[in-house]
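Enquirer: Line by line, the protein sequences are chains A and B.
Each residue of the first sequence is one higher than the one before, starting from 946 at the first, in the numbering used here.
Each residue of the second sequence is one higher than the one before, starting from 43 at the first, in the numbering used here.
Treat the hints loosely; a few may be bogus.
Straight-line distance between alpha carbons at most 30 Å, and here's what the computed BS3-like set of lysine-lysine pairs gives [said to hold, decoys possible]:
#, chain 1, residue 1, chain 2, residue 2
1, B, Lys-54, A, Lys-1204
2, A, Lys-956, B, Lys-54
3, A, Lys-1119, B, Lys-61
4, A, Lys-1016, A, Lys-948
5, B, Lys-104, B, Lys-85
6, B, Lys-54, A, Lys-1107
7, B, Lys-61, A, Lys-1204
8, A, Lys-978, A, Lys-1109
9, A, Lys-1119, A, Lys-956
10, A, Lys-1107, B, Lys-104
The set of hints was computed from the structure by calculation and includes no laboratory data.
Being a predicted model, the structure only gives us computed values, none of them experimental.
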Amino acid sequence: MAKVIVVTSGKGGVGKTTSSASFATGLAMRGNKTVVIDFDVGLRNLDLIMGCERRVVYDFVNVLNNEASLKQALIKDKRCDNLYILPASQTRDKEALTQDGVERILNELKEDFDYIICDSPAGIEKGALMALYFADEALVVTNPEVSSVRDSDRILGILAAKSKRAIEGVEPIKEHLIITRYMPKRVEMGEMLSVDDVRELLSIPLLGVVPESESVLSASNAGVPVIHDEASRSGQAYSDLVSRFMGEELPMRFLNVEKTGLLKRIFGT
Amino acid sequence: MSLLDYLRRKKKPTASVAKERLQIILAREHAGRHEPDYLPALKQELLDVVSKYVKVDLADVKVNLDREGDCEILELNISLPEEERKLMANAD
């Protein structure tokens, strides 16, 4: 049975799209047929992060309005066999996302895919609500910073009250915490909330910690999800968290300040 | 600021402040989470009605919704200002 997973955060700019792109890629690399949907109607960006922006012909709203078939709108990823992207519309407004329409598309996708990743827009408006409404599981992306933690907490409240699972009173959405832009050095100096602080505040299980890293910007510059950058710490962190999601038990990495040796300092990583 | 102060100056560890502030605000927001959406409007309309007769402030109107088992209790508490109370007593 296909699983619908929303990637959400409330606050903007914390790494939802970056996480969606790498998480979907990681699932596909492990042999799962995966589709990632951009719910940010009007501000589409997943296509850029996935590097398929020039291949967008039809979008999510076209399919909702029966102007194109799903088959026509889905973009096959260049690098992964099992991965497809459904881009958001850049020109329509958010009101185009109707509950019935979204449900129809998700049901159609469920026949073909193992995982459906919904990349939520920021905020708690229609687009964000539609992205989380049908979710079975949620990845809550949080930065170790006050406004991000508070907004994540708010989103957790909405998952628990306004999702389909909540309204129907069935088993609640399974929540996973992803902490991004983590800086062990600043945590050590007491300048940044630690993993344990954030975990305690939000009290949901931790799936992974992605350290602040230059490779995330390089990856988005190039349009290659950072998980493909196997040498980078953030790429490895995403790979780890996908494995954990698939049930592997892996220790958390990159939580402490890296001791850089002289050679490493000279030659770099 | 003397040179000595400058040298002694260290960045304050602010993470603990952040955590404490978050703990307080999240607890408060969680408490309000189960309030029905109409509560603020109800409060305002009650205030409008009451202020036709006595001068009260929004802060003097306390509306609480408690749950005891299957039973929901809407508790309404309006503290009347001192003078108004005297006036009302005289009227009796």
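Enquirer: Does the alpha-carbon distance linking B/Lys-61 and A/Lys-1204 stay inside the 30 Å limit?
Expert: holds, 27 Å
Enquirer: Just to be careful, I want the Cα atoms of A/Lys-1016 and A/Lys-948 compared with a cutoff of 30 Å; is the pair within it?
Expert: holds, 20 Å
Enquirer: Within 30 Å, alpha carbon to alpha carbon, are B/Lys-54 and A/Lys-1107?
Expert: violated, 40 Å
Enquirer: Against the 30 Å threshold, does the CA-CA distance of B/Lys-54 and A/Lys-1204 hold or violate the hint?
Expert: Holds. B/Lys-54 to A/Lys-1204 sits at ~24 Å (cutoff 30 Å).
Enquirer: Take the C-alpha atoms of A/Lys-956 and B/Lys-54, compute the straight-line distance between them, and say whether it is at most 30 Å.
Expert: holds, 26 Å
Enquirer: Is the straight-line distance between the alpha-carbon of A/Lys-1119 and that of A/Lys-956 30 Å or less?
Expert: Status holds; Cα separation ~20 Å.
Enquirer: For A/Lys-1107 and B/Lys-104, compute the direct alpha-carbon distance and say whether it is at most 30 Å.
Expert: holds, 27 Å
Enquirer: Taking 30 Å as the top limit, are the C-alpha atoms of A/Lys-1119 and B/Lys-61 close enough?
Expert: holds, 25 Å
Enquirer: Mind checking the alpha carbons of A/Lys-978 and A/Lys-1109 for me, to see if they're no more than 30 Å apart?
Expert: holds, 24 Å
Enquirer: CA of B/Lys-104 to CA of B/Lys-85, is that 30 Å or under?
Expert: holds, 8 Å
Hint violations for this structure: number 6 only, all remaining hints satisfied.
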